[in-house]
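If you're matching them up, the sequences are chains A and B in order.
Residue 3 is where the first sequence starts when you use the numbering used here, and the numbers rise one by one after that.
Residue 1242 is where the second sequence starts when you use the numbering used here, and the numbers rise one by one after that.
By construction, these hints were calculated from the structure, which means they are not laboratory data.
The beta-carbon is built from N, C-alpha and C at its ideal position, and this holds for glycine as well.
Fair warning: there could be bad hints in the mix.
Covered, in the sense of this in silico footprint (three residues per stretch, anywhere, with C-beta under 8 angstroms from a C-beta of chain A), are these stretches of chain B [stated by the list, open to error]:
(1) 1489 to 1501
(2) 1565 to 1578
Subject to a maximum C-alpha distance of 30 angstroms in a straight line, what follows is the list of computed DSSO-like cross-link-like pairs (lysine-lysine) [as the list claims (entries may be wrong)]:
(3) B:1338 to A:44
(4) A:37 to A:49
(5) A:37 to B:1338
(6) B:1573 to A:123
What follows is the residue order along each chain.
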Amino acid sequence: MVDDYLRQYGLVAILGIVAVIVPTSMLMLSWAASKVKIRPQKPSDVKSEVYECGMQTIGGKWGQFNFRFYLYALLFIIFDVGVVFIYPWAVKFNQLGLFALIAMMVFILILMLGWVYAWRKQDLEWR
Amino acid sequence: MNCSIGPDSLFHDNVLYRHIYNAIGEFIPSSLCWLDHIISGFLIILILVNGVLLGAALYVWLERRVLGRMQNRLGPNRWGPFGLLQPIADLVKLLTKEDLVPQGADRIAFLMVPIVVVFPLIAGLAVVPIARNTFLADLNIGVLYLVAITGLSTLGIFMAGWSSGNRYAMFGAMRGVAMLISYEIPTVLSMVGIVLLAGSMSLVDVVNAQHLPFIVVQPLGILVFLLGISAELNRTPFDIVEAESELVAGYHTEYSGIKFALVQMAEFGGVVAASAVASTLFLGGWSGPFLSGQLGALWFLMKLGFFVFLFIWIRATFPRLRIDQIMAFAWKFLFPLSLINIFATTLQVYWLRDDTGALSRGDLGLMAAINIPLALVTS
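Let the hints inform the model, and build the full structure from the sequences given.
See below:
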C-alpha cells in the first residue's frame, strides 16, 4: 500500500530528528555543566587567539588558494551528474533489452571521452 | 478495537516493528493508531542510535588497543577490564574541559558543525537491515539515500574549516573537500554494480539477492568501494585533511571540549556505520550458515567486526600519501576501474539473466570466475 510506504518515510524523518537531537543535547549538557561550575568558562584574549604554533597570526584568515581546487569541483559536477543518470538505469536494467544496454554504453563512452580530454589537457595533474 | 498490523500491510514484513506495534497497540484506542506508529518507530530508533553510539565508543577502544598492539605497545589498559571504560573516561574528561571559541570565528557555523557531522552517521542507519525482516525502513531508494546522507559530511568538514578563522583549519578543509568530492565518484560508481546485480536499490533486496556474497562477484567493486570509503572517512592513507605533521589537526584545530568529542565521535562512528553498509552490500549482511532468522544479527555483527578490523589494519600499515598522489589515484586509477566494473557487470547481467531478470547462484559463480581474474589483471 502506498500509505504504508509513505509511513516509512515518517520513521526516517523521526530518525533524522533524533540524529539532530543527540548532538544538540550533548552541547546543551556541556553548556549546563558550565552553569553549575563543573566546567570552567573563563575566556580571555590570549586564550581565544587563533592557534598558530605560538606565533601571532599575520594577515587575515583568508590565505591564497591553488586554482586546482576549482577545476576539481567542476570535474566533480560533470561526472556526478552523469552518475545520477546511471542509477535509475541500473535498477531496471535486468528487465530491459539490448537497446538499453547500447544506450548506456554510448553514454558511458561519452563520459569516458570527457575524462580522456580532461586528462590530455592535464586537468587531472596537481600542479 | 485496538491497533494491529494486518497481513496485507507493508509493516507486516518487518517482524520487530510488528511485534512492538501489536504489543503497544493493546493499550491504545484505535483512534490514536498514528501514535502507536510513532512510539514503535521510536523504540527501534532507540536501539539503532544506542547501538551506533556504543559501537563508536567500543571502536575507539578497539582501535587504540589494536593499533597499540600492532606498534608493539599496550594501548589503554588501566580503566576497567582491558581498558574497556577508556572511552567513557575520555568523554567525561572532554565534557569538563573549557570550550573555547576563537576570536575570528563565525560563531553560529562553528556551533553547528558537531550537529552536521554527527547527523549523517546516525541518519544513514535508517535503511540498513540488521537481521532477517528487521530494519527501520525498507526504502526502495536505499543506496541513493545512503549516498545523499553521507554527502553531508563534506559540508560539515568545510563548515568547520571555514568558520574557525584559522589557516590550518582552512587548508585542511579545502584539501578535504577536494579529496572527498574526488573519491565520491568512484565510490558511488562502485555501488552501481551491486544495484545491477540486485535489480533494486533497497538494501533488503540486495541482501536477498546475495546467493553468493557480492565480494566474490564484484572484486573490483569492493576494492574501489573500500578505498573510496576510507578516503571519505579520512582514514590514514588518505588523511591529508588532518595531517598532524603539517596542519596541526586540520579542520578541527580550533575545536575543544565537547565539540571536539562530537567531531571525533562522528569520525570514529563513521567507520562503524561504513562497515555496516559495506558488510550489507558486499558480504551478505545478516545471511549466513547455521544462524537463521533473527539470529542472523550475529552474522551481521561478525561481518561488521571484520571490516572494522580491516580499517584498523590499513591504518596501521600504510603511510600517508601526498595530495597530488591522492588526486591522481582517484581520477586516473579508481575512476576508470569503477567504469570497467560497470561495463563487465552489465554485459554479464545481460547474457546470464533469465526471463524474469533474476540471477541464480550458478550465474553469480560464473561471474565471479570471470571477474576475479579481471580484477587481478586490471588492478
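Hint-by-hint comparison with the structure:
Counting residues of the segment 1489 to 1501 of chain B whose CB lies closer than 8 angstroms to any CB of chain A gives 6, which reaches the minimum of 3, so the coverage claim holds. Look at the segment 1565 to 1578 of chain B against chain A: 7 of its residues bring a Cβ nearer than 8 angstroms to a Cβ of that chain, three or more, so the hint holds. Simply put, residue 1338 of chain B and residue 44 of chain A have alpha-carbon atoms about 11 angstroms apart, close enough for the 30 angstroms limit, and the pair holds. Proposed proximity of residue 37 of chain A and residue 49 of chain A is supported: the alpha carbons are some 20 angstroms apart, at most 30 angstroms.
Taking the CA atoms of residue 37 of chain A and residue 1338 of chain B, the gap is about 13 angstroms. The hint holds against a cut of 30 angstroms. The hinted pair formed by residue 1573 of chain B and residue 123 of chain A meets the criterion: a straight-line CA distance of about 14 angstroms does not exceed 30 angstroms.
Checked against the numbered hints above, the structure violates none of them.
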